[in-house]
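Visitor: Sequence:
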Amino acid sequence: MALAGQIYTWVRSLFPNVSYEGTRRVKLDEPDKIPDGVTFIDDIKTYIFREGKTFYAISAVCTHLGCTVKYVGLSKPKVVKIGGKEVEVKWEFHCPCHGSKFYGDGTNYAGPAPRPLDWVKIEVSPEDGKLVVDLGKKVSQNYKLTV
Numbered sequence: 004m005a006l007a008g009q010i011y012t013w014v015r016s017l018f019p020n021v022s023y024e025g026t027r028r029v030k031l032d033e034p035d036k037i038p039d040g041v042t043f044i045d046d047i048k049t050y051i052f053r054e055g056k057t058f059y060a061i062s063a064v065c066t067h068l069g070c071t072v073k074y075v076g077l078s079k080p081k082v083v084k085i086g087g088k089e090v091e092v093k094w095e096f097h098c099p100c101h102g103s104k105f106y107g108d109g110t111n112y113a114g115p116a117p118r119p120l121d122w123v124k125i126e127v128s129p130e131d132g133k134l135v136v137d138l139g140k141k142v143s144q145n146y147k148l149t150v
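Under the numbering used here, the first residue of the sequence shown is numbered 4, with each subsequent residue one higher.
Incorrect hints may have been included.
Once the Cα atoms are required to be at most 25 Å apart in a straight line, the calculated PhoX-like pairs of lysine-lysine come out as [stated by the list, open to error]:
#1 Lys147 - Lys36
#2 Lys56 - Lys124
#3 Lys124 - Lys36
Simulated from the structure, these hints should not be mistaken for lab results.
Sequences are here, hints too, so could you generate the full structure?
Guide: Next up, the structure:
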């Protein structure tokens, strides 16, 4: 009985606790009403970043088993190499479940996560001028929208 329980637990750990729903577009607010810095939208597990008139969105779903990563502001910026370039990092994402760590752009650097966090499309709705996050459309890292 104990062996069966362990085997079940091991097999279950191979399947992430995420749902694979269809395309989801979520309307947020007007760009001017989104605060500067980082905003976490719990309903869609996404971080929205605003730097002046520039916006981007990074999924908070860990690429290992689907836990929600936490935004961690660094007390002192550090310089790291990402893709052969030196980049100053002011924040990171940490997964509380299995210890994966990601730089501020979502690049994985520690733990079992097999790939970077997903960047999702963010755009302005032509009907009412509100920001829309399209969770079904993954975009390349460093995709930013300027309004």
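Visitor: Work down the list of hints and note, for each, if the structure agrees.
Guide: Hints, verified against the model:
no.: 1; hint: Lys147 - Lys36; verdict: holds (18 Å)
no.: 2; hint: Lys56 - Lys124; verdict: holds (16 Å)
no.: 3; hint: Lys124 - Lys36; verdict: holds (19 Å)
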